Each structure stands twice: as structure tokens, then as C-alpha cells.
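Given the coordinates of chain A, work out where chain B should sit on it, guided by the hints.
Chain residues, written in single-letter form:
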Amino acid sequence: MAVVWRRARLVERVPQNATARTLVFTVPGWPGHLPGQHVDVRLTADDGYQAVRSYSLAAPADGNRVELGVQAVPDGEVSPYLADALPVGSEVEVRGPLGNWFVWRPGRTEPVLLVGGGSGVVPLTAMVRAHRQSLSRGAFHLLYSVRSADDAWYREDLADGHPDLDVRLVYTRKAPPGTARAPGRVTAADLAEATAGLLPASPVYVCGPTGFVEAVGDLLTGLGRDPATIRTERFG
Amino acid sequence: MNSFSPGFQGRARQVADKLPPGQYPTESFPVLSAGPTPKVPVESWQFTVTTETGRTHAWTWDQMMALPQQETVQDIHCVTRWSKFDTRWRGVSLDTFFEDVETAADYVVVSSYGGYTTNLPLEDLLDGQAWLVHTFDDFPLSPEHGGPARLLVPHLYFWKSAKWVQGIQLTDEDEPGFWESVGYHNYGDPWREQRNWGD
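These protein sequence lines are chains A and B, in that order.
Note that this note's numbering gives residue 93 to position 93 of the first sequence, counting from 1, and the numbers run on in steps of one.
Note that this note's numbering gives residue 38 to position 38 of the second sequence, counting from 1, and the numbers run on in steps of one.
Isolated chain B (complex conformation):
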């Protein structure tokens, strides 16, 4: 017999197969950021991939937009416990950026305009699992949601999908990013509820 929260009924039970443990579905699109929203003009925007040997591959906004574009529909899961289903994005697969990148590194640190960083295993960015996106629901991605362009890595908690993405540094060692340094889980799989250190 449940002894907690007497009389609590909650909402209709729904979409259990799409909803990771401890999450709730939302129709809105909440905003979570550690600081003020940087305003990044596309005229000076640049995206780089830098290898562990220091070789840099760079794209301007126009060069990025000239790459093959994909539309993708994804469920996204924020560690603050909301999930949003069937979000529709347009952008460039990370596989495209990595086509000519020679690397033996296993990890990346993603960095953003404004100073945010997050770390991932390189393999989580490849094979159709991640995008650099600039369009949400047919509209240019707004600054508070990470525009002009953010990372989209929907199989991990959404803090890994860095807003205002500026570059990817390949690293031999795994180096914790911003939230990963102050208590968030290093990997962040929503289906295993990897929210905090020790989860």
C-alpha cells in the first residue's frame, strides 16, 4: 500500500512506452540556460571541428547551409523532467561535418557562443544520431532555444544538445563539460535516468 501523498491521483496515464522514467510530457517548450542568451549574428557565425592534433575544419553560415540538409522528428528529454514528443527540426547531420575529419579520438567537447561546454563520446554524434539544427517547426531557431544553431542529440538528456554551438574539439581523454563538472551525470542516458553523479 502506498504511504506517500494521500489522495494524489495525477493525470491520465499515457505514452508510457515513449516516456523515459521520471519524466512528464509537455506541449510547451521550456527554456533552461545557465546565463543570459547570447545573440549570435549569422554573418559572423562559424562552426569548427578541431582534431586532437589541432587540425581545424571550419564552416561559415552559408557554407553550412549549402551542405545536405535533413529534416528529423525526435522526442526530446530534459533532465528537469519534461519530455516533448515529435519535435521537428531541420539541419545538417554531424556525419556530414565529420566526413573529411581524420581522428583517432574517442571523445568530444562541444563549446558554445557564451562559453557553455558539454562532453560526449564521439560515437554518440555519428551514424545518424546527431545534427546541427537551425530550424524548428519551419521557423528559424530562436535565440533562447539555441539559435542561430544548436546541437541536437536526442538520445541523451537535452543539456548535451548544446545551444549556440560554436565548435567541437576532439579529445583523447573524456573532459567533463559545464553541467558535468557541477553534478550532472557524465553521459546522461534518459532511459537509464542518468541525471546526476552516481546515478
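Looking at chain A on its own, in the form it has when it is part of the complex:
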């Protein structure tokens, strides 16, 4: 089955932080997707020049509605345009869903750990939301690393207090007043706590910048997690 280009109309843009946006499109004919998958977005200039980049889906399948997380990259060719310039009501093209490995399938019942760095939380958020909608009783644990509270995405969905989600926020530069943990990168101790509720074969999903994913992957295997249980997605 071929993956085809489809028209996608921007219907809503929601700021997540100073440079990050959620973009909601309607895509007639969208075939649906799994939490964790991504799409290619294609932009076309008036002289026919085209540019394509990949963006993660931030929400579970919902008819023709497709929600993408876009982090504006300084000097980026595509992301600043998507984040701030593409007018609501206008169209781009999308192709997907793509990526059948970094996915969580609703119906799975084992406990799961999600580890996100910065914008790497986008595909993990789709998993959290799908888990919330499903009847899965497997515990969901999230370790989310951000520079400061202002940099966090999806604060409502990923807040503490949801009975279906155990959240640990790691602030790397600046922690809000009253935070017990001193600011700093994710440590073995953070991951030891986050993995305490897992079974040996429980899946761990790690997504973020390359350095973050490399560090977390090394720490997890150092803690004795089976590398075969760890799925990764790296940005840049």
C-alpha cells in the first residue's frame, strides 16, 4: 500500500512555549495512525520549489484531524514558516503515517516508561493521550526533561494528578521554586526511580535530541534494562 500525499488544511495553531506550536490540520482521506508515528510535510513555493520535513503526530487518530508538534528551529527552512507564517485556513501537503517501530499500540497492558527531552515529548504525548482514551490498565510513567517550566509542552495533558500517568519532570537549567531536585541533566538515579515500576520486559520509549537519547540509552542499559526493550527516536 503506497503512502500518498494529501492536502492538509491548517485549522488551529496553539502555542506551547515561546518557539513551539501545535498545528491542527484537517486531512481529507486520512487513513488513521498509531501513537508515536510521524508525517512528512511538504511546502511549495510559487516557482515550484518544494521542501519536505518530518513532524511527529501529537494526538491519537481522530478522523481527519491531524495534530503536529512543530519546534521552530533558528534559521530553519521549514519550521519557522510552519510555526508562525503559514496562515490558518491555508493548505500544505502531508504524507503518512510513517514509522511503524516507535509506536505504542492501544490494548497493550504492560507498564510503560516514556522518556522525553524537549520537543521529543511530542510523539510520547500521543501515546499518553491514547492510553488515557483506552481501557489499558498498564501503568504509564513519564520522565520529561526540559530546561525550565516555561519550556514544557502540553502542560495540561502531562500534569501530575492524572490517575493514569505517573509524571517526573526533570529541569535541566532552572527549576520552579520548591522543587526538591536540583536542576541538571537526567541521571541514573532519575531513571532508577522512573523504571522502578517496570517489569524486565516493559517497553521504554526514548525521544529527544541525539545527545539526550544517547545519554538516556546508555544510562538505561547501565541500569540493566535489556536494550531490546528500548525504542528510540532522535531529532538531529
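To be clear, the hints were calculated from the coordinates, so they are not data collected in a lab.
Just so you know, these numbers come straight off a predicted model, no measurement behind them.
Warning: the hint list may mix true and false statements.
[Stated by the list, open to error] Computed Cβ-Cβ distance ranges for the label pairs, DEER-style:
#1 D62(A) - G198(B): 22 to 30 Å
#2 Q46(B) - G76(A): 37 to 45 Å
#3 A228(A) - D106(B): 29 to 37 Å
#4 Q46(B) - R65(A): 47 to 55 Å
#5 D62(A) - R88(B): 43 to 51 Å
#6 L126(B) - G89(A): 50 to 58 Å
No residue lacks a Cβ here, since even glycine has one placed at the ideal position from N, Cα and C.
Leaving out everything else, chain B in the frame of chain A:
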């Protein structure tokens, strides 16, 4: 008249003859892997070629480094749409490993430390088209880029250039590898945009 993405201008149009369709050029070297990065010490490293009859040819790190070494400069193309021009590698031509291998097989499955696999027609590995490389830009290949040694098959999308390469199994039948089993194209020619099943 274009009706998509009003006001989008994009970057300077460049290197169209070197850039396969749907790709963009990058100066950086992005990392894409399905799992954590395996750390493979060269002391215990081994590379094997196993024929369809089960005959195994094996090289230790020192034996591999004692083979004729080649330097090659190549453009590489990742299915996630970045291309990187003029990358400089050092390693051993696959032709060298296959010199004494007797086979009638048409396909290979390449396997890696860590469990990754990818499949190719044997003819795509021969006649100067593929290398086992251990050096990038004069430095030992780093683990996240596939060190200590990876495959380099630059005429196909880069997922075919298996990181942490451990062995090549010759097969009579074409057997889909890791990404090829979950939606990536079986062959992966960037100039024909063979990204996914059905492309």
C-alpha cells in the same frame, strides 16, 4: 498556480543534480537508530560472511585492518530526507571480503551488533559499490554513527548502510530486514524515491 503554503519561499535552490528528489542538503550528521547505541570493543569484534551452504569466513579487527584499505568520498541520502555531500570514509571494499567466497546466492541479510538487520541484492555490494568503513573524516567512527565499523552502500538510502555491522548472510531468497519489515521499501533507491512499501 501553486495553491499550497502561501508565502513560502524556501532556501536558495542548489545542487539539484546531486540532490535526489524530496531530499534537503545538510552540513550536520544526524543520527537515526531504532534503539540504544551498542558499545562494541574492537578486541572482541568479528566480521563474518556466511554462505547459503553454511560456510563461514571470519575476520578479527586486526585481520580486517590488515586488508587493503580504501578511502572513498560519497554523497549519502537518509530516508528521513537529509542528504550529506562529499562524506569521506576509510575502510575495506566488500569486494575484498568476497574474493574467496563461493556462492550462487542472489541476496544478503546484513546483521549488526544489537540485532539490527537489513537486506540487499548481493550485486549491490560488489564491484566497488560498498565498503566496511571504520574511519570518518580521519577519525575513528563514533558509536552513534555505527562504530567501530559500519557498512557503506551510498547508492541506496542510508538505512541499508547498517551500523555496528557484524555479519553478512548469503541467502537464496530475499528476506526483509528490520525496517523493510515495518514499512520501508525493500530496495531503497533514493533517485527513484523508494522510501516506503508501494513507492
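Return the numbers of the hints above that this structure violates; sort them in rising order. Of the numbered hints given earlier, the structure breaks none, since each of them holds.
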